[in-house]
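S.K.: For the protein sequence lines, the chains are A and B, in the order given.
The numbering used here puts the last residue of the first sequence at 138; the count rises by one with no breaks.
The numbering used here puts the last residue of the second sequence at 512; the count rises by one with no breaks.
Rather than coming from a laboratory, the hints here were simulated on the basis of the structure.
Glycine included, each C-beta is placed from N, C-alpha and C at the ideal position.
Heads up, some of the hints might be wrong.
Rough simulated footprint, nothing fancy, chain B against chain A, three-plus residues with beta-carbon under 8 angstroms [unchecked claim]:
#1 8-22
#2 109-115
One-sided and incomplete, this derived list gives chain B residues near chain A with beta-carbon spacing under 7 angstroms [unchecked claim]:
#3 189
#4 210
#5 276
#6 283
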Amino acid sequence: MGKRTVPLLSRSLQLRHVDAGSCNGCESELAAITNPIYDAQRFGVDVVASPRHADVLTVSGPVTRQMEEALRRTHQAMGEPRLVVSVGDCAAGGCPFAGSYASHRGVGEVLRVDAHIPGCPPSPADIVRHLRALMGQV
Amino acid sequence: MSMASEGLTPVLAVQEVEASGLGAAVAASLGRGARYLTMAASDHREDEGRLRVDVVLAPGGPGPLEVLRLHLPPQRAEYASLTPILPAVHWDEREARDLLGVVPLGHPDPRPLVLPDDWPRGLHPLRRDVPWDVHPASAVGAAWSARLAEGEGVVHMPVGPVHAGIIDSGHFAFSLMGESILHLDVRLGWKHRGVEKTVEGTPWEEASAAVERVCATCSASQQAAWSEAVEQILGWPLPPRAVWLRTILLECERLANHINDIAALPAGTGYTVAAMAGSVLKERMLRLAAQAFGHRYLFGAIRPGGVARDLDPAAGTGLRQGLGELRGDLERLTQRMLRHPGFVDRIHGTGVLRPSTARDLGGVGPVARASGVRQDLRLDRPYLAYRQLAPLLVVEEEGDVAARLRVRIREAAVSLELLDRLLHGLPPGPWRAPAPAGAERASGLGIGACESPRGAQVHYLELRQGRIFRLRIRSSSFANWPLLLEAVPGNLIGDFPLINKSFELCYACSDR
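Next up, chain A with everything else stripped away, as it sits in the complex:
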């Protein structure tokens, strides 16, 4: 009997978010992906309250000095397999404050990043599109 295989995480992606020094624009747009207009749940994407339940860690901001450890610990708390997605230009090093005394130059300096969602901030539609691409849906 041929068993149909489904790519990993292609139908359900549980997401946990860490704000590592954003301007809160990325949070505002991320929160919108589950509103009735974007309704990311219909694609199997949902936001969960604990890293222990999460498949993907989304991170915004350049990673401030004070948030570095909390970010690492949140990542460590996730089970395998786990993915890291940087959200917004700051998280990829494009933050106007990147490299200051209080800040890293992006998530890549702290964690291995599997995918990036560009934008300042990325719109909810962009975020949903990139997450679906990560799941192999599009």
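Since the structure of chain A is already known, use the hints to place chain B on it.
M.R.: Below, chain B without anything else, positioned relative to chain A:
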């Protein structure tokens, strides 16, 4: 506030005071009905051999802003803390101690406010001889520790900096007796990015992109306060159309925030239908903003001398029409919310901020107005188009979650009304004025302030030879965080998210 176009009246009145006389000078000013706006410490050792502390107050009536200036020798940079006579400065003083090593003697809270836990003691990053990109090794010493209530049966519950929902990072330390909150302490600074140090030395023409990214949800207010400070220094009057467009941008921002904050409350009570309906209205507002001004959060909309681009007639008509449609839907939603018995039961009498506390701690914006504080910069020191079109002052007295909700509902209606009149009466002409001669080498002090969706947003700016020497941003949330800590004790832990949402404070602009 007062633009240079006002003519002969000076915008600022600087008065130098002795360290021993600062408290008396502040008290006298407050006694005359002045209101505290901001405080900024700065490092003038290179040219003057001393540090500086400026305390800025707005007089009770018209007239220039009062700047009380204190000079401090670097070897003994200390003064008697102002917190005992003006509690509103207690976080400002902690911040200045962290960043510039200016010590408020007798301050009731010796803990750091914004610096990281592992930051070495005695290294003050906003001193000018500390490099912008210094990355000192981890040190022990400056770490923050929670203030907790102690006693038999008292349980301590730390929450954050990473939260269960998609919100900014911050840490709360609850002391609980059963489900009742005895005491709440907060540790902010997780998002401290070194904004103010980063822009030092930047020519003012190039700083807008950084300034507008201090906070997305109040970006237009940041841009407006920043631009006003620059214009004040340069003596740069705005053309009428720019004045109008800037006001439209500020009111659009207020509306987007108020809709967001109105929709966030039912989410805190499990009333999902209303929260979802509200989130749709917010999305519609963000789309209207993007269609009219090119960005959902109005990044890149305002620039010194005017606005960054014009509103074309078709976009103006579209905005006016879209807002008209939004008005009815928002009204229906809020009426439905206020008729929902379960929701109403949760918000009444919850998270009460007493009027005296709101006043004494210097609360601002809708939070203060919901506790009976009759204060709104749009009316108290009219600026931009508010000089001609005064908005209605919205005040409630109860100070609970319900009162904060009602203030936002009523203010949203006032904003919609105001926007309709602004869009209808938009004057023709240029939307940006050319910079005055010598603008690229200008020096001086400017203070820009506006009433953001959450209250007074104040930018203290010193330019030297056209470059930023010192920018200090005092956001409305920075002013209101200490008030939250007063409104929470005595409530149930399960009501904390609801109370927190009713304050809707921003971490990004508080931490900077």
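S.K.: For each hint, tell me whether it holds in the structure or not.
M.R.: Structure-based check of all given hints:
1. 8-22: The restraint on the region 8-22 of chain A holds, since 6 of its residues have a Cβ under 8 angstroms from chain B and three suffice.
2. 109-115: violated (count 0)
3. 189: Given a least distance of 6 angstroms, the restraint on residue 189/B holds.
4. 210: Holds - the Cβ of residue 210/B comes within 7 angstroms of chain A, reaching about 4 angstroms at its closest.
5. 276: It holds, given that the least Cβ distance between residue 276/B and chain A is near 5 angstroms, below 7 angstroms.
6. 283: At 5 angstroms from the nearest chain A Cβ, residue 283/B passes the 7 angstroms test, so the hint holds.
Going through the hint list in order, the structure does not satisfy hint 2, though it satisfies all others.
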